[in-house]
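Asks: Using the hints, position chain U against chain E.
As they're listed, the protein sequences go chains E and U.
Just so you know, the working numbering puts 15 at position 15 of the first sequence, and the rest follows in order with no gaps.
Just so you know, the working numbering puts 93 at position 93 of the second sequence, and the rest follows in order with no gaps.
Possibly wrong hints are sitting among the right ones.
Heads up, simulated BS3-like pairs for lysine-lysine below, C-alpha to C-alpha not over 25 angstroms straight-line [what the hints assert, rightly or not]:
| no. | chain 1 | residue 1 | chain 2 | residue 2 |
| --- | --- | --- | --- | --- |
| 1 | E | 3 | U | 9 |
| 2 | E | 100 | U | 38 |
| 3 | U | 22 | E | 38 |
| 4 | E | 3 | U | 38 |
| 5 | E | 38 | U | 19 |
| 6 | U | 22 | U | 40 |
| 7 | U | 36 | U | 53 |
| 8 | U | 53 | U | 18 |
| 9 | E | 38 | U | 38 |
| 10 | U | 53 | U | 40 |
| 11 | U | 22 | E | 3 |
| 12 | U | 103 | U | 53 |
| 13 | E | 38 | U | 9 |
| 14 | E | 38 | U | 36 |
| 15 | U | 53 | U | 19 |
| 16 | U | 53 | E | 100 |
| 17 | U | 19 | E | 70 |
| 18 | U | 36 | E | 100 |
| 19 | U | 41 | U | 53 |
Derived from the structure by calculation, the hints contain no laboratory data.
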Amino acid sequence: AQKVTQAQTEISVVEKEDVTLDCVYETRDTTYYLFWYKQPPSGELVFLIRRNSFDEQNEISGRYSWNFQKSTSSFNFTITASQVVDSAVYFCALKTSYDKVIFGPGTSLSVIP
Amino acid sequence: DTEVTQTPKHLVMGMTNKKSLKCEQHMGHRAMYWYKQKAKKPPELMFVYSYEKLSINESVPSRFSPECPNSSLLNLHLHALQPEDSALYLCASSRSPKGYHFKGETQYFGPGTRLLVL
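Chain E with its partners taken away, still in its complex shape (with noise of 0.2 angstroms):
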């Protein structure tokens, strides 16, 4: 069976904290894509991050980073000196088959001013 969970419905977190955002998964493929989408207030999904699974290593782009654990089927996101345009639903997802994107639940963030 396929899986993701985010077990963190909602967040809340004044302005400039550091947040981190877990997502843990469940596959018995051995080739799988992980994703994390952000859904602004607006409606669109951004991409943020792919993780293929035979790359483990962390990944750093400005203040998002994002640590990726085999081990612990976990891909938690960390977003440092929050900002209050970070606002938003955050989706973690699990790519096994060509088409089909299975996507967890959601992680409501908002930061307060």
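Replies: Below, chain U alone, put in the same frame as chain E:
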């Protein structure tokens, strides 16, 4: 450029109306998708078109009728919808070159159409 455009942004329709949603991309992508998203839920896949042919229909009711007239355009025709069909409808596309199967293709999403059925 990873832009997918959708029109209209908002749509209100009665249960007897016929309307269409439009999606366009000029990235040369050959796979296009329709998703439905209810409030506080993740997107749910409805249809997939690969090289202008319908490849996946996720048991969507026939009141939703997709159409892919060319490689850049994807339409969703709506007829006799129910109030529970009110949702955000998202279009996405991915590169998917023929003969090159890559599970990791990223799907790029449009801004969506917010549909309200009265």
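Asks: Against the 25 angstroms threshold, does the CA-CA distance of residue 38/E and residue 9/U hold or violate the hint?
Replies: 19 angstroms, holds
Asks: Just to be careful, I want the Cα atoms of residue 38/E and residue 36/U compared with a cutoff of 25 angstroms; is the pair within it?
Replies: 17 angstroms, holds
Asks: Take the C-alpha atoms of residue 36/U and residue 53/U, compute the straight-line distance between them, and say whether it is at most 25 angstroms.
Replies: 20 angstroms, holds
Asks: Sort out whether residue 100/E lies within 25 angstroms of residue 53/U, counting only the CA atoms.
Replies: With a Cα-Cα distance of about 16 angstroms, the restraint between residue 53/U and residue 100/E holds, given a limit of 25 angstroms.
Asks: Take the C-alpha atoms of residue 22/U and residue 38/E, compute the straight-line distance between them, and say whether it is at most 25 angstroms.
Replies: 23 angstroms, holds
Asks: Can you confirm whether the C-alpha distance between residue 41/U and residue 53/U stays at or below 25 angstroms?
Replies: 28 angstroms, violated
Asks: Just to be careful, I want the Cα atoms of residue 38/E and residue 19/U compared with a cutoff of 25 angstroms; is the pair within it?
Replies: At roughly 29 angstroms apart (the allowed maximum being 25 angstroms), residue 19/U and residue 38/E break the hint.
Asks: For the pair we were handed, residue 22/U and residue 40/U, check the Cα-Cα distance against 25 angstroms.
Replies: 24 angstroms, holds
Asks: Run the distance test for residue 36/U versus residue 100/E: straight-line Cα separation, threshold 25 angstroms.
Replies: 14 angstroms, holds
Asks: For the pair supplied as a hint, residue 19/U and residue 70/E, is the alpha-carbon distance within the 25 angstroms limit?
Replies: 46 angstroms, violated
Asks: Take the C-alpha atoms of residue 3/E and residue 38/U, compute the straight-line distance between them, and say whether it is at most 25 angstroms.
Replies: Judged against 25 angstroms, a Cα distance of about 19 angstroms means the pair holds.
Asks: Taken at face value, is the distance from the CA of residue 40/U to the CA of residue 53/U at most 25 angstroms?
Replies: 31 angstroms, violated
Checked against the numbered hints given earlier, this structure breaks hints 1, 5, 10, 11, 17 and 19; the rest are met.
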